[in-house]
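Asker: One letter stands for each residue in the lines below.
There are 2 protein chains.
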Amino acid sequence: MSDAITAVYQIWGDQAEAAGRAAALAVEQSHEFPAELAPPHTAVSRGVVRELRPVPGGPVLATIDYPADLAGGELPQLLVLLFGNCSLLPGIRLVDLDLPQTLAASLGGPRVGLDGLRHLLGAWDRPLLATALKPVGLAAGELADLAYDLAVGGLDLIKEDQGLADQPWAPFDERVQRCAEAVATANAETGGRAIYLPALNGPVGEVDRRIALALDAGAGGFLLVPGVGGLDLIRHVAASVPPGVPLLAHPAFLGSFVTSPTAGIAHDVLFGLLLRLAGADAAVFPSFGGRFSFTPEQCRAIADGCLRPFAGLAASVPTPGGGMSVQRVPELVDFYGPDVMLLIGGELHRDGDRRAGAAAFRRAVQPTG
Amino acid sequence: MSDAITAVYQIWGDQAEAAGRAAALAVEQSHEFPAELAPPHTAVSRGVVRELRPVPGGPVLATIDYPADLAGGELPQLLVLLFGNCSLLPGIRLVDLDLPQTLAASLGGPRVGLDGLRHLLGAWDRPLLATALKPVGLAAGELADLAYDLAVGGLDLIKEDQGLADQPWAPFDERVQRCAEAVATANAETGGRAIYLPALNGPVGEVDRRIALALDAGAGGFLLVPGVGGLDLIRHVAASVPPGVPLLAHPAFLGSFVTSPTAGIAHDVLFGLLLRLAGADAAVFPSFGGRFSFTPEQCRAIADGCLRPFAGLAASVPTPGGGMSVQRVPELVDFYGPDVMLLIGGELHRDGDRRAGAAAFRRAVQPTG
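So the sequence lines, in the order shown, correspond to chains A and B.
Each position in the first sequence, counted from 1, maps to that position plus 206 in the numbering used here.
Each position in the second sequence, counted from 1, maps to that position plus 206 in the numbering used here.
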């Protein structure tokens with residue numbers, strides 16, 4: 207817990223220069239104004255280097271305290287404060303974060319979170335299971351049939367692909383109504399609790415209308431793309447929907463923040479802490495061993511960022527995906543442990559029977575049925 | 207001009223594998239579904255590699271055509287399509303872009319642009335001049351006094367710092383009303399046309415209210431932070447305001463996209479083409495020779511991306527800043543040419559008389575004025 211907003215940065219490069227660079231960073235992120243020219247009474251709004259810790263052979267760790275009022279209680283400004291200008295500076299990486307619980311609580315964090323999702327799904331003793339509706343190009347009715355099959359197969363979260371928007375093949379309104387109805391039908395037939403999550407990736411001015419339409423149709427949650435829509439869009443949606451509507455964050459367009467080991471934002475901070483702060487109940491990320499390049503260590507860090515204590519906020523659900531298969535489920539459960547949501551998309555279709563593919567996925571995590 | 211949405215990617219790494227990686231990329235960004243499992247009729251919605259060009263000693267250049275309908279006419283989905291998942295892939299950089307003029311026109315692009323800003327300011331024969339109101343921690347009245355002095359000094363755009371939001375020292379509503387009034391007073395006294403641009407960096411649900419309040423108060427434009435709020439927020443604001451209200455994009459939080467030379471998005475595409483597509487009339491970026499690390503070549507590329515013909519859209523104004531000074535103005539004008547807006551913030555205060563600092567800045571670009 208902290209009375210300030212605290213950020214820890216790795217400062218790469220010449221260790222002899224690190225103290226000066228840390229002091230400049232504290233000013234850059236808060237005042238962005240020469241300290242010697244700032245009116246003395248404004249010193250209360252300037253960041254302060256609290257600690258400098260040299261790491262032999264590695265970057266210096268600089269802990270900077272920012273007055274909590276600098277965020278003005280708003281997430282966009284908090285992000286500008288933590289990483290705005292310094293995203294443009296070489297050799298600086300945001301690697302940890304803390305903030306007052308009152309500020310975190312006012313932003314809200316995950317409303318459903320790990321425990322809430324388990325409660326909604328009645329799934330207390332196993333990893334959660336998600337899949338994606340795709341490819342784009344299917345008609346709304348075809349996507350609804352697919353959603354039905356995957357729900358009957360026993361999956362928990364039927365989310366739309368981040369690439370489904372308002373294309374002519376399956377316009378948002380028609381698609382969402384048909385898919386929500388299909389999943390409701392499946393649940394009625396099986397007694398299941400599958401949740402359908404449309405992709406909420408439209409223009410700013412369309413967001414509220416699409417939320418209302420989707421909830422009215424029976425959608426149970428939403429997929430968001432904060433790399434494109436901004437993290438505050440998650441917060442906005444979380445604050446707009448009734449209790450018990452989980453929000454999944456998709457990592458599209460976020461990869462560049464973690465590409466360089468000497469710049470950007472650490473994996474656990476971005477996909478864990480920051481997405482939780484915004485209100486994501488689950489964070490999708492590309493697991494090791496799939497089509498993408500995250501290492502096992504990076505994936506473990508993300509899971510830790512989703513689950514570890516942070517500013518009094520609920521835990522989110524680490525959701526590894528990106529080229530996973532049913533065959534890999536035991537390995538993934540072994541690696542991530544039970545507090546995880548596994549996401550398998552295209553590979554459930556591999557044997558030509560997606561309902562059977564979904565059922566096999568479900569059996570793979572719950573062998574005792 | 208193009209009938210498709212065309213993206214050019216650098217593919218770094220093993221050239222022998224590049225053809226396979228390009229083909230996988232075209233699928234990843236569109237279908238994200240195994241091609242052999244996708245229903246045949248969905249092939250119309252899949253990206254296609256149009257050209258592969260090996261570059262000796264460098265990355266392969268892959269040109270991919272995406273069916274224009276994949277964007278669904280919406281900017282967020284266009285961004286997911288161009289760079290969503292591949293932000294998470296190693297060794298892939300988005301380096302060029304084209305799209306149908308009809309799609310670009312429907313998104314809107316810069317409504318004011320370079321010519322519009324010159325017209326608004328009556329400044330046809332010189333670089334444009336901008337400054338920033340800061341530091342955070344000043345009271346609303348102090349910021350208004352500062353805005354007055356800088357406008358009297360002869361500057362064109364008085365923008366707020368990206369770090370001004372709704373903090374207790376100068377809450378948004380009071381600050382904007384007082385600053386707008388101060389700049390109007392200055393203009394009335396000098397006959398000038400200075401434009402005041404508040405920072406529009408609040409929560410999603412506050413945006414429309416703040417736009418209305420600011421316009422009502424007499425603000426002439428807005429500063430936006432697309433790295434935090436999303437590029438579609440620029441488009442939303444551009445579509446919401448009356449004609450003749452310029453929008454400046456600030457680069458905070460965008461730096462990670464250009465950090466790595468072998469990943470992310472090329473400088474000219476991000477700060478030039480994509481921001482123009484979103485509707486930015488001017489793009490602030492950190493110039494070479496200041497506190498940041500962009501090279502002269504990268505800065506020249508950004509200016510080119512702002513100004514070169516692109517999908518029938520208006521040019522935006524390259525706006526280098528970040529530790530500039532009046533002394534450097536001749537060098538900067540020589541480098542960037544006349545179609546530029548120079549941004550100097552804190553250094554105008556260096557001699558203790560900011561009005562004189564602003565006037566010196568103005569004289570430096572218009573010696574015969």
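Rather than coming from a laboratory, the hints here were simulated on the basis of the structure.
Careful, some of the hints might be misleading.
[Stated by the list, open to error] Quick list of simulated restraints, FRET-style, between CB atoms:
| # | chain 1 | residue 1 | chain 2 | residue 2 | range |
| --- | --- | --- | --- | --- | --- |
| 1 | A | 450 | B | 503 | 50 to 60 Å |
| 2 | B | 311 | A | 502 | 45 to 55 Å |
| 3 | A | 449 | B | 321 | 50 to 60 Å |
| 4 | A | 240 | B | 399 | 55 to 65 Å |
| 5 | A | 537 | B | 225 | 22 to 32 Å |
| 6 | B | 536 | A | 502 | 51 to 61 Å |
| 7 | B | 254 | A | 240 | 31 to 41 Å |
| 8 | B | 262 | A | 449 | 51 to 61 Å |
[Stated by the list, open to error] Coverage of chain B stretches by chain A, computed from C-beta distances (three or more under 8 Å per stretch; other residues unrestricted):
| # | segment |
| --- | --- |
| 9 | 254-265 |
| 10 | 268-280 |
| 11 | 287-293 |
| 12 | 339-347 |
| 13 | 363-375 |
| 14 | 463-475 |
[Claimed, not checked] Just some of the chain B residues that point at chain A, by a computed CB distance under 7 Å:
| # | residue |
| --- | --- |
| 15 | 219 |
| 16 | 240 |
| 17 | 243 |
| 18 | 283 |
| 19 | 296 |
| 20 | 408 |
| 21 | 435 |
| 22 | 439 |
| 23 | 494 |
| 24 | 499 |
Predicted model only: the values in this text are computed from it and were never measured.
The beta carbon of each residue, even a glycine, is placed where N, CA and C say it ideally should be.
Asker: Holds or violated: the segment 254-265 of chain B covered by chain A, criterion of 3 or more residues with Cβ-Cβ distance under 8 Å?
Answerer: violated (count 0)
Asker: Go ahead and decide if the range 50 to 60 Å is satisfied by the Cβ distance of residue 449 of chain A to residue 321 of chain B.
Answerer: About 51 Å separates the Cβ atoms of residue 449 of chain A and residue 321 of chain B, which means 50 to 60 Å holds.
Asker: Checking hints one by one. Is residue 240 of chain B an interface residue toward chain A, by the C-beta closer than 7 Å rule?
Answerer: Holds, about 5 Å.
Asker: Measuring from the C-beta of residue 494 of chain B to each C-beta in chain A, is the shortest one below 7 Å?
Answerer: Violated, because the Cβ-Cβ distance from residue 494 of chain B to chain A comes to roughly 12 Å (cut-off 7 Å).
Asker: Between residue 254 of chain B and residue 240 of chain A, does the beta-carbon spacing fit 31 to 41 Å?
Answerer: For residue 240 of chain A against residue 254 of chain B, whose Cβ atoms are near 53 Å apart, the range 31 to 41 Å is violated.
Asker: Against chain A, does the segment 268-280 of chain B show at least 3 residues with beta-carbon separation below 8 Å?
Answerer: Holds: 6 residues of the segment 268-280 of chain B have a Cβ under 8 Å from chain A.
Asker: Given residue 283 of chain B as an interface hint, is its Cβ closer than 7 Å to any Cβ of chain A?
Answerer: 4 Å, holds
Asker: How does the segment 463-475 of chain B fare against chain A when you require at least three residues with a CB closer than 8 Å, holds or violated?
Answerer: This one holds; 6 residues, not fewer than the three required, reach chain A with a Cβ under 8 Å.
Asker: Check whether three or more residues of the segment 287-293 of chain B sit with their beta carbon closer than 8 Å to a beta carbon of chain A.
Answerer: holds (count 6)
Asker: When the nearest CB of chain A is found for residue 296 of chain B, is that gap smaller than 7 Å?
Answerer: 5 Å, holds
Asker: Hint check: is the beta carbon of residue 435 of chain B less than 7 Å from a beta carbon of chain A?
Answerer: 5 Å, holds
Asker: Do the numbers back the hint for residue 243 of chain B, that is, is its least Cβ distance to chain A under 7 Å?
Answerer: This hint holds: residue 243 of chain B lies near chain A, its Cβ roughly 5 Å from the closest one there, short of 7 Å.
Taken one by one, the earlier hints fail for this structure at numbers 4, 7, 9, 15, 23, listed in ascending order.
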